[in-house]
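Take the two lone chains and join them into the complex the hints point to.
Keeping their order, the protein sequence lines are chains A and B.
Counting in my numbering, the first sequence runs from 78 upward without gaps.
Counting in my numbering, the second sequence runs from 3 upward without gaps.
Derived from the structure by calculation, the hints contain no laboratory data.
Misleading hints may appear alongside valid ones.
[Unchecked claim] Think about it this way: if two alpha-carbon atoms lie no more than 30 Å apart in a straight line, the pair counts; the simulated BS3-like pairs of lysine-lysine are:
{"#": "1", "chain 1": "A", "residue 1": "K226", "chain 2": "B", "residue 2": "K26"}
{"#": "2", "chain 1": "B", "residue 1": "K306", "chain 2": "A", "residue 2": "K286"}
{"#": "3", "chain 1": "A", "residue 1": "K286", "chain 2": "B", "residue 2": "K47"}
{"#": "4", "chain 1": "A", "residue 1": "K226", "chain 2": "B", "residue 2": "K236"}
{"#": "5", "chain 1": "A", "residue 1": "K312", "chain 2": "A", "residue 2": "K226"}
{"#": "6", "chain 1": "B", "residue 1": "K236", "chain 2": "B", "residue 2": "K317"}
{"#": "7", "chain 1": "B", "residue 1": "K47", "chain 2": "A", "residue 2": "K339"}
{"#": "8", "chain 1": "A", "residue 1": "K286", "chain 2": "A", "residue 2": "K312"}
{"#": "9", "chain 1": "B", "residue 1": "K306", "chain 2": "A", "residue 2": "K226"}
{"#": "10", "chain 1": "A", "residue 1": "K286", "chain 2": "A", "residue 2": "K339"}
{"#": "11", "chain 1": "B", "residue 1": "K28", "chain 2": "B", "residue 2": "K349"}
{"#": "12", "chain 1": "A", "residue 1": "K339", "chain 2": "B", "residue 2": "K201"}
{"#": "13", "chain 1": "B", "residue 1": "K171", "chain 2": "A", "residue 2": "K382"}
{"#": "14", "chain 1": "A", "residue 1": "K226", "chain 2": "B", "residue 2": "K47"}
{"#": "15", "chain 1": "B", "residue 1": "K317", "chain 2": "A", "residue 2": "K226"}
{"#": "16", "chain 1": "A", "residue 1": "K286", "chain 2": "A", "residue 2": "K174"}
{"#": "17", "chain 1": "A", "residue 1": "K312", "chain 2": "B", "residue 2": "K5"}
{"#": "18", "chain 1": "A", "residue 1": "K286", "chain 2": "B", "residue 2": "K317"}
{"#": "19", "chain 1": "B", "residue 1": "K26", "chain 2": "B", "residue 2": "K306"}
{"#": "20", "chain 1": "A", "residue 1": "K226", "chain 2": "B", "residue 2": "K28"}
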Amino acid sequence: MSRMTRVAAAAAALLVVIARPLPAQQPVAQLPPEYGVGTVDEWFPETDRETDERWRERVAQRFATQLADGLYLQVLEQLAGEFRASAWPSHQDVKAKFQIEFDALVERYRTALIAAGLEDGLRTTEQRSSVLEAMGDRGAESLRPQQAKIPVTTSVGPMDFDVQFFFLQTPSEIQTATINGDGLYVPLVPVELVRDMRLRGHAVWSVLKHFVAPIQNAQLNAIRDANVRWDNYMKNGYSQLPWEALLNGAVLNFHAFDPPDKQWIIVHPSLGLEFSTAAFKTTEFQEALNLEILGFIAYFGEQGKNFMGASASIMMRDDLGPGIGPVVHFAKNMSLGVAWHDTNDNDKLDDPPFVFMTVDLFRFLDTESSKFKAEMDKVKTLAANAGLP
Amino acid sequence: MSKPQLILVHGMGDYASGWEAEIKTKLEECASRYNNLRQINIWDKIDVIPVLYNDVFVDAVNQWKAAAGPVSAFAAANAMPGSGSLAWLDDIEAEGGDFFWTAVADVIIYRFFKLFRDRVRASVAEQIIDPLLAASPPDFDRAVIVAHSLGTSVTHDTLHLLGTTAFAKYANAFSAPTERFRAIFMLANVSRVLQTDIKAYDSIVRPGPRNSTTTDCGRFYNFRQDVDPFLVVKRFSPVDFNGQLFTREVLTHYRHWNIHGFTHYLDHPRVHVRLFNKLLGDVVPPMEFIAAINNYPQFGGTFKDVPALQAEIVKLTALVASLGEDSSIESLMRVVVKARGILSQIKTIIDNLP
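Looking at chain B on its own, in the form it has when it is part of the complex (with noise of 0.2 Å):
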């Protein structure tokens, strides 16, 4: 029998080859929740596809360390087209430190240097359809696709242009009806806030039905946990969607102190089970589904209980609510940092904990 497939972007951060192995192992936690899950082994039954662009700006932020030395030589260059004024950057290496070149500094070479950017784009487009097109038979309708954070951006970008360019002469043949994903998960979608040349409102990445010429995938959906800072500024948020195919939801849970982590997201019923039910054909039947929602509290694990955690959750919404839909990306990225600072507090809290 053919598996369905199971495409893992990740978001911004330190990733290298492997590093889908702690999202495998988040899935099938979740899995022992339910009933027809718990006894099998989800990797029997689904292929994992993980997308790794990473190297991409490691090989950048080497350059940009080794050779152009402080931030603040490369604002220099602020005036040049596209660019704005990046003058700001100084504050925020200065305020984040090691956050700053292991993680933003991925999402600020991916927003504004377009070199890097396409060269992402094309690294991914191969990573997604290489293993798809040598799967037996080949069929993007077995295709899950989940991202996070930068990821969002980086496989809206890449399928916006997958299923619209047509290159090496031919007409293209990876664009609907012709091919279509199952489904696609977005985790913290930040690819509004991140787009360039590829608006998200505008691009094909959206569900549609079957026969539907200008849309991707058949079911799209959405998850934003309520106080990520990185989701207040140009949320994703579009109103003509397709109603019966598109499904956005707040997540209001508190599990670990990177309410921003991918494995974060997946934890929560509300994402993990529609997952499985679009890999495994309605495994967890509605009435499970809704008894897991009833059982998931807003504050679990180590959140559970612990005043002085929940007092930090108060000053993170505080500070998220500093930023509004239109601030800039110099505002985010400094809320960004400062959220880091509490997100750090907290799991300072959490590792004294008795």
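So here's chain A without its partners, still in its complex pose (with noise of 0.2 Å):
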């Protein structure tokens, strides 16, 4: 079956459907789906999906081709084409205010391609996204109805309640039913020709979700590998104190979803091992309280797993003065420095530097915590057991 005959069908399936006669405006407690919040997809009955050309599946199934080749502006003049061809047995103000909508709807898609010089087709993702920022402060891209709110006076004083309106607020707007009183419906316009429009906005709905979709897709994903990178910069990078997300939270460029790649250090400290390089050979590994005055740290890598940065520090232990020098960040949970104390002459530099590691606490309670008590829990159990204090 063509093109055309295939649409002749469609509008003679309509003629058959709208011809048929009107029931009365009468007041109801409910009002058919129709008239509704919902989607269409939420109840267009699965019988008629089959048979109904206007259901956006059917429209997908009838205009494969130019939606595959990105020709949407094609798409959308057939479409405003077969509503202006249409028949409606009354309403015909209503019918003339969604046909104004519809026509600047794809007048404002035409101009917006024209714009992008992308008559041809869109068939990359950057060529959607160039007519999207084209279409700018658009405005005319939905024929899908809303509700809002009317005052009604109630027995319990004035209320709202929420009834269909298409095109709210413009010139062309169409409310299609109202309440009374008595607190029923009344609709305004007949249900076929409601379920009409809503057809067709959802068709048109369909084709621009198939235009934008690949955008929406990218950004999901961009949004996604943002937070794999926040995982690796909040739980898997160097941890920050308190004091030191405040500041740099308030001092780091970033912005929207994305994570810093960057990170200060400041009065940061943590417990290490330190051995001087003046005797390897008997060498005694001493506890020592690290602080990192001032630092930094640059996130790298894929997803900015790894991070390398160095920080200015003082070591501080017992038995000797305290001792200064750098350390280097290279890993997660361990770093490696050098400092210098004065061990004999006050002259800190003459005296061979101390090799110190230390461990990144947090991360290290963190993640280790569970496994450590869990064996700590063991050996006080045998150590119970054994009798032992």
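So this is what it looks like as structure tokens:
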């Protein structure tokens, strides 16, 4: 069946649908879903989806070639033409308003295509983005309804209830129902005509969705990627004490959903082990407290998995005066540094340096504490069983 | 048939995976009050998308407690940009105890720590967008968002960024009119008191006509419990929101000791009827809605006929009245901790009722 034949068949089928006698607009307690807030996908009967040419999936089938080639304007023009050719038995003013907005939508899309220089079809995500950008301060991209409130005087005083509008607060506004003083709905546009507008508006939405979906998917992937980088920064990177987190949040340049790729270190204490390079063969490790005064770390590699940085630090231990020196951060949990202590003559730099390793205490506890506690519990149990204190 | 999607965003406090179960149970109970919903399982007709961001605060608090020692150590950093003086945290921590660490600290961290704030926003953005785009067909117009307490601020900030930021090299494809949420319900809205870089009255998180480019939802509901201590300072009370699409109501009901609680808000017909109608398409007709309001007394459940409980409410009202529209966050947090004491007293009275 040619496309023209299919369109003619669709128009004929529609005429049969809307040529049925319209019911009187009587107040009712509840309206059909066509007047409601649910999208067409939520209420359009499965039985009609195979045959109704206005249903979005039928539209996608009818225009599969154009959609695959990114020729959205052709599809929109065709759909607008079909609506123009359809016959409404009543409410011509409503049809005229819908047609005005339909034509405006097509024209706005055409203008954006021309501005982007992409009238021959959209094949890449970049091209789609260019057209979306060119649409700029748009405002005619939807033929779908929404609900808005109307005031009703009730037994509990004035209340607001929602009814359906197309093109709310524009010259083309269409209100499809109202509510009377008894709290009953009164349809203002017959259900067949509301259904017609909703099916056509939904089909247009699905065409524009096809146009924008690749951009949305790319942007979702960007957000996913940002979250992995956030985890690498916040959970797998060098720990930040509250004042560091406060400082880094204030001074680093990052925005929207992306994490920073840098980190300042300031007044950051950690525990370490230190030994003197003067006697490697008889070296003895001594516990020491390392206090990083000021430092900087950069994150790099795939999704910011790796980091490297350095800081100026003070090393403090019981048996010697404070030492000073750099510390280098190159792996999760562990850092390596060199410090010069004054061991005998008030001149630190005369003495052989000490080498030290520090543990990122919070990261260590965060990742290893549960294992450590389990092992400790085992030892305690064994000790208790052996009658040890 | 495609289903509407209910996005739930929790507030401050200790939340973990599965937190939405309590909300679903409450909504089931509420649904059982109405003719069209009594006989059905509403979850056959609604997809629920729970959003969880408390894990970020748990990480932050663990670092804070494990590495930073007392809060005073943190307050020592109060001269840093954007923080203001935070020495008052010491007092609040001492007075609030666990409540400080499990709830108030969330608010403090989100408000003052850009690093954690932005991390929360990125996480919430993915949690909202991912399931919406995975649905068939992906259509934001099927999504209704219900956010509570701190979640209102988190939701507000995230949605604004989602709809205004160009990212991944492309023009923003999540902004209106391309995408528009069906409705947003804000329960105990603190988005103004906690606002930082995104101002609550200037953002796109507001209702607008379908083709508006500066609004991101079709309907916006804002509910405030009358003596909810969190909602006295910088109340969310915009004057330029679209009057036909914005509903703002003050609730005066008492059913549970935690009047700030998510489920306490949902219990009121003015809240849940609107929610059901937005999700399922006017399933509670106007006459039944009016009857539900008429039959919903101010004091219900355990509050009914217990003068001691109502006396505590009087105390709470007086405490909340000590705050003003322009009170500082410090004053607010002090009152919140004191209010928590009164609410605990209410809980004790309820627990000891025969």
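Hint by hint, here is what the structure shows:
| no. | hint | in the structure |
| --- | --- | --- |
| 1 | A/K226 with B/K26 | holds, 27 Å |
| 2 | B/K306 with A/K286 | violated, 52 Å |
| 3 | A/K286 with B/K47 | holds, 24 Å |
| 4 | A/K226 with B/K236 | holds, 27 Å |
| 5 | A/K312 with A/K226 | violated, 47 Å |
| 6 | B/K236 with B/K317 | holds, 22 Å |
| 7 | B/K47 with A/K339 | violated, 47 Å |
| 8 | A/K286 with A/K312 | violated, 37 Å |
| 9 | B/K306 with A/K226 | violated, 34 Å |
| 10 | A/K286 with A/K339 | violated, 38 Å |
| 11 | B/K28 with B/K349 | holds, 19 Å |
| 12 | A/K339 with B/K201 | holds, 27 Å |
| 13 | B/K171 with A/K382 | holds, 22 Å |
| 14 | A/K226 with B/K47 | holds, 25 Å |
| 15 | B/K317 with A/K226 | violated, 37 Å |
| 16 | A/K286 with A/K174 | holds, 23 Å |
| 17 | A/K312 with B/K5 | violated, 36 Å |
| 18 | A/K286 with B/K317 | violated, 54 Å |
| 19 | B/K26 with B/K306 | holds, 25 Å |
| 20 | A/K226 with B/K28 | holds, 27 Å |
Hints 2, 5, 7, 8, 9, 10, 15, 17 and 18, counting from the list given before, are not met by this structure.
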